[in-house]
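With the sequences and hints as input, model every part of the structure.
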Amino acid sequence: MTARFSFSRLAAMIRKEFIQMRRDRLTFAMMLGIPVMQLVLFGYAINSDPKHLPTALFAQDNSVFTRSIVKGMENSDYFDIVAKPETAAEADDLIRTGKVQFVLQIPADFSRELQRGARPKLLLDADATDPAATGNAVAGIQLLTAQVLNRDLEGPLASLRPAPDPVNLVIHRRYNAEGRTELNIVPGLIGVILTMTMIIFTALAMTREVERGTMENLLTMPVRPFEVMMGKILPYIIVGYIQAAVVLAAAYWLFDVPIAGSLGLLAFVLFFFVAANLAVGFTFSTLARNQLQAVQMTIFFFLPSILLSGFMFPFRGMPHWAQWLGEVLPLTHFLRIVRGILLKGNGISEIAPDLLALLAFLTVVSIVSLNRFRQTLD
Amino acid sequence: MSQTHHAEPAADAPLIIDVQGLTKSFGETKVVDGIDMQVAEGEIYGFLGPNGSGKTTTIRMLCGLLTPDAGAGTCLGHDIISDSAKIKLKVGYMTQRFSLYEDLSIRENLAFVASIYGLKKPKQAVRETLEKLGLETRANQLAGALSGGWKQRLALAAAIMHEPKLLLLDEPTAGVDPKARRDFWDEIHQLADNGLTVLVSTHYMDEAERCHKICYLAYGKLLARGTVNEVIRQSGLVTWLVSSNSQRQINRLARELADRSGVEMVAPFGATLHVSGANDNALEAAVAPWRGEAGLDWQKVEPTLEDVFIHMMQGASDNFG
Ligand SMILES: Nc1ncnc2c1ncn2[C@@H]1O[C@H](COP(=O)(O)OP(=O)(O)O)[C@@H](O)[C@H]1O
Ligand SMILES: [Mg+2]
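Residue numbers (the numbering used here), protein chains in the order written: chain Y, 1 to 378; chain W, 1 to 321.
Hints listed in this document are in silico derivations from the structure and should not be mistaken for laboratory results.
The reader is advised that the hints may include incorrect statements.
Unchecked claim - Chain W is faced by these chain Y residues, among others (derived, beta-carbon under 8 Å):
| id | residue |
| --- | --- |
| 1 | Gly-213 |
| 2 | Arg-372 |
| 3 | Thr-376 |
Since the model is a prediction, treat every value here as computed from it, not as a measurement.
Even glycine gets a Cβ: it sits at the ideal position worked out from N, Cα and C.
Rendered as structure tokens:
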């Protein structure tokens, strides 16, 4: 093609892209709709530490100890006693039909055995089909019984109190003292939303040119592949910044996410993250024959991104091969950066390794996509 | 049926398109098979052939959109294989399918094209082009909302705005009404008079007759070329024109002659019948039994271009089809 890069040609591509973007109502709605929808879904609807779980109390013993335990459970916020079955079969039925998450069974001779020092059984039946739903509650009740009984076992019974740990273990939950799920999810959402929308927009923008036949016209004109690519990418970088700003504003004002680090640094990183995703979208558009295929490829990339990046599940909990896959994805690195900057107040030196990984990804994918871009219809 | 012919280009005009042996396959099928083509400066060159004969593919190879599998040549003096970037700057290509942006207005489309070609004064170029093609009143309409005729004008405007030396038009008048077609061709002739060379593919016989030269393509092979009269003469086709006062008689005759050996084509035109064959004697013998029939008037005439093309297409399908 013509020898040199031209700013006026690039400007023409960008101007055209903006006009088209403005006139395409559906795309425009998606640009705002997807962030809002995901914010509501992930920010408000998803909670990995559920409380007020329905619980049945199958008490065959009625003593001060039982009452204390029940009281303590209700105070913990994890358990709501919603049923008091009379028989074991009735209790079993409740958990099987899913009416309750837990059945707490207190055997008939509980207090007598306890006072005898015979370590009686306190049986908590948990519906553990979803381990995440029961995990914290189960951990909570162990602590709770110890505390409650500590209080009630007094006088001559004091010897039955659980022995104190030989070590005084102090736990600091740093950066998220209350263990709020949103603090982890909402900053990550910036990355998830950008991954989805940026890839799909560029993938569609290019395949649309092919599908509508306008690519033939574009290829007959003296425009360089680099200009076409930048013309498709730059407008969406701006869109990406707007989306990131919307989510960040919501994070700060609606979800009380702290902004411990520098917003300027975050904006700087965003550029490379958005560009990396746009380059992926551009590559897909050179592979896809039509818009449907472009969407399919986007989903194919998006799924591992949210599953293996540490957004949905703890990164360190994954097997090594999955971690290796995750390390390739730009979202993985961006999540570490954005959580680091917002929650930990990280600076450039702490995020440097992940930023370099993003840059490497961007470089490789850009080269691939520019090489894939055909200047002919062959 | 012949239209007024505008000035023919000078006989010694330089060749704008000069290619030999162009070949292109998609998968197993050879879509274009060893095509030679010479088009002189200022010529309007008609490119004819049935659907799927390889016209679009040939045009795309000329302007660098497709790489030929074999063959070589120049376009505007530049090598079509190694120099396609230079060719692109001087060629205006109007694609078969409308390929400007339907979600941009006429003005926005032209402004885009003007900037991409790096025109010195893009605003002025757009204004002049709008004026030249009578598009001002609709300048702000979205291209997608335009009728076929207006879309075609817009596409032509976009193709000539950068003042190309060669215009490639791929079925530019398909689906356009007769008045718009007439205007379009007047425009083309005016451009050619000013030195522009035009290669135009078409299915319309009247358009073929408005070209200085034509060539005919079938199954990727070039079957004939030259002026309209040369193509007709080269075909060796002989045609009898039969007329009668009775439409019934013509219809019956058409049925009876259709399967006779020596008769290749029987085409009714209202109350007349064209009976054609490649072999004069065989045709003569074939029609002899009806020559004396009362009410019929037999006349040996020059075949029309349409007769010739249908004849060539049948011959080609027997050979390669
Ligand atoms: N990109 C392509 N891939 C595969 N086949 C193609 C392609 N383009 C054209 N063809 C086939 O090549 C043949 C010639 O097409 P074309 O050049 O468009 O003919 P025309 O313009 O004369 O109608 C057709 O059979 C068409 O289906
Ligand atoms: Mg065609």
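- Task: Please name the hints from earlier in the document that this structure breaks, with their numbers sorted from lowest to highest.
- Result: 2
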